[in-house]
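Protein chains: 2
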Amino acid sequence: MTITITAFERSPDGGKGLARDTRVRWALEETDLPYEVRFVSFGAMKEPAHRRLHPFGQIPTYEEGDLALFETGAIVFHIAERHAGLLPDNADARARAVMWMFAALNTVEPPILDLQTAKFMEGDKPWAAERLPLVKDRIRHRLRELSVRLGDADWLDGAFSAGDLMMVSVLLRTRSSGILDEFPDLAAYVARGEARPAYKRAFAAQLAINASTPPAG
Amino acid sequence: MTITITAFERSPDGGKGLARDTRVRWALEETDLPYEVRFVSFGAMKEPAHRRLHPFGQIPTYEEGDLALFETGAIVFHIAERHAGLLPDNADARARAVMWMFAALNTVEPPILDLQTAKFMEGDKPWAAERLPLVKDRIRHRLRELSVRLGDADWLDGAFSAGDLMMVSVLLRTRSSGILDEFPDLAAYVARGEARPAYKRAFAAQLAINASTPPAG
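Protein chains in written order, with my numbering: chain G, 196 to 412; chain L, 196 to 412.
Hints should not be assumed to be uniformly reliable.
Identical copies carry no separate label here, and so any pair may be met within one copy or between two of them.
Claimed, not checked - Below, in silico cross-link-like pairs of lysine to aspartate or glutamate (DMTMM-like), each with a Cα-Cα straight-line distance of 25 Å or less: (1) LYS241 to GLU259; (2) LYS241 to ASP347; (3) LYS314 to ASP332; (4) LYS331 to ASP227.
These are computed hints drawn from the structure, not numbers from a lab.
Generate coordinates for the entire structure from the input sequences, incorporating the hints supplied.
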């Protein structure tokens, strides 16, 4: 069955790979699955046709036969559950890989999203300059805890898994602020993710589309 | 094998059921699993012994034999995957239930957490009063989209699932601000969740502990 995902017609990051379709592309590349991409404009994302796929009017979505999914965590898990390469066979290790997916999305990413909100939605507010350090410190707090847990391991729980795929993807969003590089071990962890052939293919695929069009924001 | 979870020694909400152990208790009650609770003080949560279970120093955690998990989404999924009552049998419907778990935690909850941060961590800042309406509007934006998708259905995708358990739990956090009641269909959806016998047992169990001790914050 053909897999079709959606992605930004023009990614706001101009091809840095931070749009969430890159996470799904990465999972599809790790599992060697062919896929098609339907590009959606910012306007079309908010229209009823797209909202039938994604009630919150975002990308990516995932279609495969009669199944339509949104939410990157769910899409990556769906792929990981059905194809080898992203989840360990051992039941306990598998539960921990899923745990790291949720930790990436529900514990580590929220303060990072808060920084994006602070910059892009409240950047013109009178409190922007004074509030930004507080927001950044909340990210540092979480990254410090993550760094302690990672220790000198290559991946969060033994072999690379969907948990690392999601954590690396989330951490990549802290690079432009300089915060990632304050944690050399986490920066090296992210670099290990980026060095994977599957990530490189996913990154190149989104870059091919987004580098040719000027960034929208 | 005995299941042991951790919970606040004194929940900051004084027993309103908003601490995340209630979500796990609810899942355990829906699947009729007995469990034990170990209570952890705010100080002990940040100590190495607890951080070995939860690197971010929070509750709940879940222990079952050699398996130790943190992150509510992962714990509820682990329970749901192994015991009847929280995930449909049909593979596509199951993938959608997981999708709603991630949507609750990664799309709906972040702006709600932002309101808690605004109130409790930035409530004394000079921008607090002016910023609060922006934060609340971002919650309303998401709840409006969720309300459209729910329509006049009882649950998000047919029968009650772990996706509803998580979404109801997240939405409960918007009640005290008055925002939930601005969406009567979502308020009714939450009430349907609260009316489930398993939820009532979970709520009563946490209340029995927290009502007897004064709230810590």
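Hint by hint, here is what the structure shows:
In this assembly of identical chains, LYS241 and GLU259 lie within 25 Å of each other by CA distance solely inside one copy; the values are 22 Å within and 44 Å between copies. In this homomeric assembly, LYS241 and ASP347 come within 25 Å of each other (Cα to Cα) only across copies, at 21 Å, whereas the closest approach inside a single copy is 44 Å. In the homo-oligomer, the alpha carbons of LYS314 and ASP332 lie at most 25 Å apart both inside one protomer (15 Å) and across protomers (17 Å), since each shortest distance falls under that limit. Taking the closest pair of Cα atoms, LYS331 and ASP227 never come within 25 Å of each other, the shortest separation being 37 Å inside a single copy and 42 Å across copies.
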